[in-house]
Structures are given as C-alpha cells and as structure tokens.
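Under full-length UniProt numbering, residues 1 to 376 are what the sequence shown spells out, in order.
Calculated directly from the structure, the hints in this document are not laboratory data.
Everything numeric in this text was worked out from a predicted model, so none of it was measured.
No residue lacks a Cβ here, since even glycine has one placed at the ideal position from N, Cα and C.
Be careful, since some hints might not be right.
What the hints assert, rightly or not - Calculated pairs, DMTMM-like style, for lysine to aspartate or glutamate (alpha carbon to alpha carbon, straight line, at most 25 Å):
| id | residue 1 | residue 2 |
| --- | --- | --- |
| 1 | K47 | D22 |
| 2 | K287 | D267 |
| 3 | K89 | D129 |
| 4 | K96 | D144 |
| 5 | K148 | E172 |
| 6 | K156 | D116 |
| 7 | K233 | D245 |
| 8 | K287 | D67 |
| 9 | K96 | D328 |
| 10 | K235 | E158 |
| 11 | K305 | D277 |
| 12 | K159 | E175 |
| 13 | K89 | D71 |
| 14 | K34 | D22 |
| 15 | K233 | D277 |
| 16 | K193 | D144 |
| 17 | K148 | E175 |
| 18 | K34 | D129 |
| 19 | K34 | D52 |
| 20 | K156 | E123 |
| 21 | K294 | E343 |
| 22 | K89 | D26 |
| 23 | K14 | E343 |
| 24 | K305 | D328 |
| 25 | K95 | E175 |
| 26 | K119 | D129 |
| 27 | K14 | D277 |
| 28 | K96 | D22 |
| 29 | K163 | D245 |
| 30 | K156 | D277 |
As the list claims (entries may be wrong) - Distance windows between CB atoms, simulated:
| id | residue 1 | residue 2 | range |
| --- | --- | --- | --- |
| 31 | K89 | L17 | 41 to 51 Å |
| 32 | G152 | R226 | 29 to 39 Å |
| 33 | R168 | G341 | 51 to 61 Å |
| 34 | R168 | P229 | 41 to 51 Å |
| 35 | R196 | K156 | 47 to 57 Å |
| 36 | Y256 | K89 | 43 to 53 Å |
| 37 | Y19 | K148 | 33 to 43 Å |
| 38 | R168 | E79 | 34 to 44 Å |
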Amino acid sequence: MNLYGIEIDYGLYKHFLEYLSDNEIDALFHSVTKPPSRYYIRVNTTKISRRDLMKRLNSRGVQAYPDEHFDDALWLPVEGPFDIPTARKQVIVDKKAAESVMLGADLYAPGIVKTDHVKEGDEVNIVSDNGVVVAFGTAVVDSDEILKTRRGLYIKVEKSLYKAPKIRDLPEYKEGLLYSQSLPAIAVGHVAKRARASTAVDLNAAPGGKATHLAQIGLRIIAVDRSWPKIEKLKEEVKRLGLADRIDVVLHDSRYLDRDFPRLAADLALVDPPCTDIGVRPKIYHKVTIEMAKTLSRYQIQFLKTALKIAPTVIYSTCTLTYIENEDVIRKVGAEPVDTGLEIGAPGWGCPECRRFLPHIHNTPGFFIALLRRRR
C-alpha cells in the first residue's frame with residue numbers, strides 16, 4: 001500500500017486502523033511527506049538567554065519567535081511549497097540528500113547517485129532517486145571533478161521545494177548558542193526537568209540533543225552509544241555547546257550496561273531507541289512493514305529493561321507512531337507510566353499518562369514520550 005510515497009504493508013495498515021480512521025491514516029502519512037511549518041531550535045541557556053539570541057537572529061534578518069510552551073525554544077518559519085524551475089540537466093541524489101536539499105540545503109558530493117555531464121555554472125535540477133524534483137541550482141564545479149574527488153560542494157541550491165533557515169551557516173551556530181531540535185524532542189528535556197534528577201544515563205545518546213539539553217538544565221550525564229562515528233559526532237556537539245564538563249561519553253552497547261557496569265546507577269535514564277522512524281519529516285519515501293515494527297520492538301524492550309535496572313525513573317521516547325513500538329513496549333516491560341506534565345500533544349493510545357505528537361494534528365514530527373517509574 002503506497003500512501004504518498006510511504007509504503008506500508010496491509011498488516012501495518014490494519015494495525016493503525018485499530019487506533020485511527022482511514023481518513024486519519026491518510027492525513028497522517030500525507031503530512032510526513034512535508035516539513036512542519038515551524039523549524040525549532042533550542043537555546044543554549046548556559047551561554048545566552050532566549051531573548052538575546054532572538055535579538056541576534058532578528059538583527060541579521062533571520063525571523064525567530066519564542067515558543068509558547070518552553071522558555072528555551074525558538075521557532076523559525078518554513079516556507080513553501082514552491083514551484084521548481086526546469087533545467088536541462090539533472091543530478092540524481094539519495095534519499096538522505098534529497099530530504100535535506102528539499103528544505104534548501106546545498107548539495108554535497110556524498111549525496112550523489114548519478115549526474116549528467118555538468119560544467120561549472122550549469123543550471124541543474126536535483127532529483128531524488130525515486131524521481132521527485134526537489135530543487136534547482138547551479139554547479140560550482142564540473143561533474144568530472146566532483147566524481148573524481150567525491151568531496152565538497154557540488155550544487156548551490158537557488159530554489160528548493162521548501163525553504164528552511166540554514167542554521168549551520170550562522171555564527172550563532174558556530175558559537176554553540178543553539179541546537180537544532182524538534183519541539184517534541186525539546187519536550188523530553190522538560191519532562192526530565194520536572195523529574196528533579198541530578199544524574200542521568202542516556203542509553204541512545206547520539207547525536208546528542210537530549211543529553212546536551214539535560215546537561216544544559218544542570219544534570220550530570222553519561223551519554224552512551226555503540227557506534228564510533230556517532231560517538232565522534234556527539235563529542236563534537238558537546239564541545240561546540242561548551243558542555244564537556246557535564247557529559248561523559250561512553251562507547252558501548254547500552255543494552256548490556258547493567259551487566260558490564262554493575263555499579264552504574266543514576267536518578268534518571270533516557271531511552272530513545274532505533275525505531276521505524278514513521279514520524280520523521282519530511283520524507284521523500286519510506287517503507288515499513290508490521291514485521292519490521294515487531295522486530296524493532298523486541299530491540300526496544302531490551303534497552304528499556306536495562307534502563308529500568310540503572311534508574312528508578314526512565315523517559316522513553318521514539319520518533320515513530322506504531323502502538324507496537326510505544327505503548328506496547330511499556331506494557332511488556334511492566335513499567336508504571338506517570339504523568340509527563342506536558343500540556344502539548346495528545347494522550348497515548350490506552351495510556352493517558354503518555355504523550356503522542358501526531359503530524360497531521362500538532363504540526364510537529366510524529367513522536368511519543370512516556371515517563372516511567374520502576375515498579376517495586
């Protein structure tokens with residue numbers, strides 16, 4: 001079953017029908033093919049106030065507005081969709097590059113799948129590998145050179161399907177004054193703040209959004225991830241934000257933390273495990289089956305069981321929307337959901353204490369948050 005480029009099997013469709021109407025399923029999957037109308041950043045309040053960062057951004061023509069719910073969040077408008085001019089030449093790019101370019105990012109060499117013979121200065125269309133035209137731009141180098149080196153900028157984007165602020169180009173980004181993070185992910189930090197913890201273990205820490213947020217709030221963090229490249233990027237973010245004195249970064253498979261570090265304990269644990277990513281926006285295409293969700297749920301249960309051994313309180317979050325990977329995972333580990341204190345989002349499916357963010361309703365990525373207590 002193909003819903004706007006998102007392929008799901010009949011089993012997953014039936015699974016969603018237990019909680020949503022057919023029209024709601026259609027609206028949900030249509031919404032994830034587009035970005036939210038607000039692009040969120042988290043203010044690094046250890047370096048600057050929200051008011052002062054907003055003034056700095058506005059002074060350079062970047063319109064930033066205070067979020068209504070969280071005092072360390074700003075949002076910037078996302079414009080579009082726009083019509084893309086037609087060019088005679090094309091560059092085919094992979095899914096990851098297409099989803100970035102469609103928001104206005106320039107195209108770099110690693111995202112190239114195939115390219116016409118292009119000379120510096122040629123106008124080109126950037127096209128995803130499933131045929132969606134995402135942008136129009138101008139080549140800054142010849143195709144022969146970019147294919148030889150496979151490094152650097154290839155196409156300077158002039159018109160994209162949507163236009164989001166280029167946060168990484170700002171001096172404020174380089175100074176570590178902000179972190180690009182969705183509203184629901186920022187909400188996780190505020191749930192942690194209300195838990196009144198002083199120490200935390202983040203079992204799925206990369207790329208570092210939640211760990212650095214908790215450190216910013218004042219917690220001492222152990223940030224764990226099993227991937228060396230992700231650990232390196234996490235360390236870079238910690239350094240950029242000036243939080244290295246509050247975060248210890250550990251390379252390990254966190255499913256086995258309780259076995260390999262038997263004395264490890266904290267007030268709070270965060271679990272944001274690998275999932276089917278259904279809520280991530282915008283998507284060019286995606287494919288998910290019910291069996292994929294079931295397989296990942298078994299993996300998620302391992303992380304959550306370990307977290308509940310390390311800490312009496314756990315925040316479980318995902319960027320997906322299946323019941324199997326969210327409320328059912330909580331049910332199977334036997335944790336006790338408690339009120340998150342959040343006023344945004346909607347109650348969980350069969351879990352009123354949990355919070356769900358539905359893209360077609362809340363103008364956010366799809367997301368799930370639960371605050372859990374270890375049963376005695």
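Each hint, compared with the structure:
Only pairs whose Cα atoms come within 25 Å are accepted, and K47 paired with D22 is rejected, the gap being roughly 47 Å. Taking the CA atoms of K287 and D267, the gap is near 38 Å; set against the 25 Å cutoff, the hint is violated. Restraint check for K89 and D129: satisfied, since their Cα atoms lie roughly 15 Å apart, inside the 25 Å limit. Taking the CA atoms of K96 and D144, the gap is near 23 Å; set against the 25 Å cutoff, the hint holds.
In summary, the hint linking K148 to E172 is not supported, as the alpha carbons are separated by about 34 Å, beyond the 25 Å threshold. Pair hint K156 plus D116 holds up; C-alpha atoms about 16 Å apart against a cutoff of 25 Å. At roughly 17 Å between alpha-carbon atoms, K233 and D245 fall within 25 Å of each other, so this suggested pair holds. Between K287 and D67, the direct Cα distance comes to roughly 33 Å. Violation of the 25 Å bound is thereby established for this hinted pair.
As the CA atoms of K96 and D328 are separated by approximately 30 Å, the hinted pair breaks the 25 Å bound. Pair hint K235 plus E158 does not hold up; C-alpha atoms about 33 Å apart against a cutoff of 25 Å. At most 25 Å may separate the alpha-carbon atoms for a hinted pair to count; K305 and D277 meet this at roughly 21 Å. Under the criterion of a C-alpha separation no larger than 25 Å, the hint pairing K159 with E175 is inconsistent with the structure, at around 28 Å.
Restraint check: the Cα-Cα separation between K89 and D71 comes to about 47 Å, which exceeds 25 Å; the hinted pair is violated. Pair hint K34 plus D22 holds up; C-alpha atoms about 20 Å apart against a cutoff of 25 Å. This hinted pair checks out: K233 and D277 have alpha carbons roughly 21 Å apart, not beyond 25 Å. In summary, the hint linking K193 to D144 is not supported, as the alpha carbons are separated by about 52 Å, beyond the 25 Å threshold.
A distance of roughly 34 Å separates the Cα atoms of K148 and E175; the hinted pair therefore is violated under the 25 Å criterion. The suggested pairing of K34 with D129 holds, with an alpha-carbon distance near 17 Å, which does not exceed 25 Å. Between K34 and D52, the direct Cα distance comes to roughly 31 Å. Violation of the 25 Å bound is thereby established for this hinted pair. Proximity of K156 to E123 is assessed by CA-CA distance (about 10 Å); at most 25 Å being required, the pair is judged to hold.
Distance restraint check for K294 and E343: the Cα-Cα separation of roughly 30 Å exceeds the 25 Å cut-off, and the hinted pair is therefore not satisfied. Between K89 and D26 the alpha-carbon distance is near 34 Å, which puts this suggested pair outside the 25 Å criterion. In summary, the hint linking K14 to E343 is not supported, as the alpha carbons are separated by about 30 Å, beyond the 25 Å threshold. This hinted pair checks out: K305 and D328 have alpha carbons roughly 13 Å apart, not beyond 25 Å.
A distance of roughly 30 Å separates the Cα atoms of K95 and E175; the hinted pair therefore is violated under the 25 Å criterion. For the hint linking K119 to D129, the alpha-carbon distance of about 22 Å falls within 25 Å, and the restraint holds. Of the supplied pair hints, the one linking K14 and D277 holds, its CA atoms being roughly 18 Å apart against a limit of 25 Å. Proposed proximity of K96 and D22 is contradicted: the alpha carbons are some 29 Å apart, above 25 Å.
With a C-alpha separation of about 36 Å, the suggested pairing of K163 with D245 is violated against the 25 Å cut-off. Restraint check: the Cα-Cα separation between K156 and D277 comes to about 29 Å, which exceeds 25 Å; the hinted pair is violated. Separated by about 45 Å at the C-beta atoms, K89 and L17 satisfy the suggested range of 41 to 51 Å. Separated by about 30 Å at the C-beta atoms, G152 and R226 satisfy the suggested range of 29 to 39 Å.
Checked against the hint of 51 to 61 Å, the pair R168 and G341 fails, with Cβ atoms roughly 32 Å apart. Judged by the Cβ atoms, the range 41 to 51 Å given for R168 and P229 is violated: they are separated by roughly 18 Å. Distance hint for R196 and K156: a CB-CB separation of about 49 Å, consistent with the stated range 47 to 57 Å. A beta carbon spacing of about 51 Å between Y256 and K89 agrees with the range 43 to 53 Å that was offered as a hint.
Distance hint check for Y19 and K148: the Cβ-Cβ separation is about 52 Å, which falls outside the suggested range of 33 to 43 Å. Take R168 and E79: their Cβ atoms lie about 18 Å apart, and the range 34 to 44 Å is violated.
In this structure, the earlier hints numbered 1, 2, 5, 8, 9, 10, 12, 13, 16, 17, 19, 21, 22, 23, 25, 28, 29, 30, 33, 34, 37, 38 are contradicted, and the remaining ones agree with it.
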